[in-house]
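Asks: Every number in our numbering is 2 more than the matching position in the sequence shown, counting from 1.
Check the hints yourself; a few may be wrong.
Ranges of calculated distance between the beta carbons of each label pair, as one might list FRET restraints [as the list claims (entries may be wrong)]: (1) T213 to S51: 32 to 42 Å; (2) W13 to S55: 14 to 24 Å; (3) S194 to K145: 53 to 63 Å; (4) S138 to L84: 16 to 26 Å; (5) S194 to L83: 33 to 43 Å; (6) V212 to I99: 18 to 28 Å; (7) I22 to M71: 32 to 42 Å; (8) L23 to E130: 45 to 55 Å; (9) D19 to I42: 28 to 38 Å; (10) S222 to L48: 21 to 31 Å; (11) N96 to A131: 29 to 39 Å; (12) I6 to I64: 30 to 40 Å; (13) S158 to L23: 27 to 37 Å; (14) I190 to I54: 19 to 29 Å.
No lab work stands behind these hints, which were simulated from the structure alone.
Positions of the beta carbon are idealized from the N, C-alpha and C atoms, including for glycine.
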Amino acid sequence: MSIITLLSDLWKTPYGDMPILGTVYIFVLTLIFALPLGIIIALLRLSKSKIISSIIKLIISILRGTPLMLQLMIVTYGPTLLLKGTRFQFAMPNKLIPVVIAFSINYAAYFAEIYRGGIESISKGQYEAAEVLGYSKTQTFIKIILPQVIRRILPSVTNEIITLVKDTSIAFTVSYVELFTEVKRVAISYTSFMPFIIAGVFYYVFNFIVTVAMERVEKSMSYYQQ
Numbered sequence: 003m004s005i006i007t008l009l010s011d012l013w014k015t016p017y018g019d020m021p022i023l024g025t026v027y028i029f030v031l032t033l034i035f036a037l038p039l040g041i042i043i044a045l046l047r048l049s050k051s052k053i054i055s056s057i058i059k060l061i062i063s064i065l066r067g068t069p070l071m072l073q074l075m076i077v078t079y080g081p082t083l084l085l086k087g088t089r090f091q092f093a094m095p096n097k098l099i100p101v102v103i104a105f106s107i108n109y110a111a112y113f114a115e116i117y118r119g120g121i122e123s124i125s126k127g128q129y130e131a132a133e134v135l136g137y138s139k140t141q142t143f144i145k146i147i148l149p150q151v152i153r154r155i156l157p158s159v160t161n162e163i164i165t166l167v168k169d170t171s172i173a174f175t176v177s178y179v180e181l182f183t184e185v186k187r188v189a190i191s192y193t194s195f196m197p198f199i200i201a202g203v204f205y206y207v208f209n210f211i212v213t214v215a216m217e218r219v220e221k222s223m224s225y226y227q228q
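Could you build the full structure based on these sequences and the hints that come with them?
Replies: If you want it as structure tokens, here you go:
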């Protein structure tokens, strides 16, 4: 058994699937949906309506207080089991769909709290100054507040994104083909620990790239630093 053989097996399954792409799909799609959803949840959390704010606070508490693995299994198998035997029963056509839904909702809850902290850190004087200059509330938020919030929360967001890279491995629990799923199969097949080492190197390199990219984004927004 050689490293080349292991890499070849990890690159593509016997069924033609590419596990690394599965990992990348989860990562990219989760960010695409979770980042903007987090902003919406944060704004609802900051709503002047106590009812809306309380409901969102409870939802965030549940999402952050229960394991992502549990949420993943509920989203993946829950609808099928609940609707079994009814005329609405169905089978999920692609396991990537519930995986991305579960990951996006979970991470949106974490991003929402990060956004909320960033928004609340902006002094009220900036809102008042914007109002004097004739800005609407929407213009104030988009043009003045949001850029500063993004700059302030980037370190925290980066930490969550790094965690997301590692959390993609949880998808193996619902038999979605991603890197860790294939690593386990290959390790058992060859009775070798080497596939886990290769996986560790992959996750480290992936996170290193993410860290470098986020540092560049942070430097590019240094204009908004106070």
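Asks: Compare the structure with each hint and give your call.
Replies: These are the hints, each one checked on the structure:
1. The given range of 32 to 42 Å is respected by T213 and S51, whose C-beta atoms sit roughly 39 Å from each other.
2. A beta carbon spacing of about 48 Å between W13 and S55 contradicts the range 14 to 24 Å that was offered as a hint.
3. Between S194 and K145 the C-beta distance comes to about 56 Å, which sits within the given range of 53 to 63 Å.
4. Distance hint for S138 and L84: a CB-CB separation of about 44 Å, inconsistent with the stated range 16 to 26 Å.
5. Look at S194 against L83: about 37 Å separates their beta carbons, and that is inside 33 to 43 Å.
6. For the hinted restraint 18 to 28 Å between V212 and I99, the CB-CB distance of approximately 24 Å keeps it satisfied.
7. Restraint check, I22 to M71: a C-beta distance of roughly 21 Å breaks the suggested window 32 to 42 Å.
8. About 50 Å separates the C-beta atoms of L23 and E130, a value consistent with the hinted range of 45 to 55 Å.
9. With their beta carbons about 33 Å apart, D19 and I42 fall inside the hinted range of 28 to 38 Å.
10. Restraint check, S222 to L48: a C-beta distance of roughly 27 Å satisfies the suggested window 21 to 31 Å.
11. In this structure, N96 and A131 break the distance hint of 29 to 39 Å, their C-beta atoms being roughly 49 Å apart.
12. A hinted range of 30 to 40 Å for the beta carbons of I6 and I64 is inconsistent with their spacing of about 46 Å.
13. About 28 Å separates the C-beta atoms of S158 and L23, a value consistent with the hinted range of 27 to 37 Å.
14. I190 and I54 have their C-beta atoms about 49 Å apart, which leaves the hinted 19 to 29 Å range violated.
Taken one by one, the earlier hints fail for this structure at numbers 2, 4, 7, 11, 12, 14, listed in ascending order.
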